[in-house]
Amino acid sequence: MNATHITIRLDEQDLSLPAGHTVADLLVQLQRPPESVGTALNGQFLRREARASTTLQAGDQVLLFQPIVGG
Amino acid sequence: MTANTDLFQLPDATLNSRFLLGSAGYPDPHTLARAIAASGTQVLTVGLKRTLQAGDNGFVAGALQAAQAQGARLLPNTAGCRSAREAINLAQMARELYGTRWIKLEVIGDEHTLQPDPFELLSAAQTLVREGFEVFPYCTEDLVLCRRLLDAGCPLLMPWGAPIGSGQGLNNIAGLRSLRQRLPDTTLIIDAGIGAPSHAAQAMELGFDAVLLNSAVSQARDPVAMAGAFKSAIEAGRAAYRAGLMATQDFAVPSTPVSGHAFLLGSAP
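If you read the sequences in order, they're chains A and B.
In this text, residue positions in the first sequence follow the numbering used here: the first is 1, and each later residue adds one.
In this text, residue positions in the second sequence follow the numbering used here: the first is 1, and each later residue adds one.
There could be a bad hint or two in this list.
Stated by the list, open to error - Simulated restraints on C-beta separations:
no.	chain 1	residue 1	chain 2	residue 2	range
1	B	A239	A	T22	53 to 59 Å
2	A	G43	B	P11	28 to 34 Å
3	B	A243	A	Q61	56 to 62 Å
4	A	N42	B	T51	56 to 62 Å
5	B	T100	A	Q61	23 to 29 Å
The hints are simulated quantities; they were obtained by calculation from the structure and are not laboratory data.
Virtual Cβ for every residue (Gly too), placed ideally from N, Cα, C.
Please build the complete structure, drawing on both the sequences and the hints.
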């Protein structure tokens, strides 16, 4: 385990990130515009405004949601 | 052209159309956009999906553009949720992504019938109302549940006609009629199970305020034509309700005011 990196779960897949990455940094890395997705951290909705101040920890579970058609 | 005096009131909105349309399952974005236009809907349902893949082949963009073109509002749903906690989280996300306080609250309790879980539904509704949402609960016709949802602060109710996507129509007409009678001042929208325009007309004739449907249009051979057919049926059912349906009788009642036998055959000398 590299101390400068952590492993999180992104939509049920392992992902290695630099330690200190925020949720906002993660979206930049994934090339997802911040207004295009909803985020959840460890099963809880994470507001857009809170992403930049939320530092990811090893083992965190991140989910991304996007608008789709629906009935 | 005369002004429509039979307006349909929803939270923060006064509408002409009583046809709420779902946006899922259409063959392509162009057909979806044309169906939205043909329906005349002023409320379009949309959803959210957990995914890492960006994009959806233009369906959402097309739907939003078509909705905007005719002034339709968006009603995001919490489809796929099985608990109050899930539904609350998804509703919060929907509010952020779609910019609306409206939420179609779905909390499913049975995988086979997709019947709502009344306990989780009520719990989620109570929380979301406290958080400032206008909750449109997808529920059954259970009167006690419906009253509890109203007590929780839901501005309206959306009882099912039949299981989602089944196209069976109104499975419990007596129960729905009773609900309408017991809650005469509540906005009631039949949601789910509608398969044919006649089902929608029947719901409106029973006095329901509006109909929400999706698959019956999107799965039709010609979704655009079917959207138009439902628009006409819903308008006809509403007009019939306002006109007052005749009372049903146990026996035949002649409609032509004749006097006995037309020619008195058998009584001539």
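Numbered hints the structure breaks, given as an ascending list = 4
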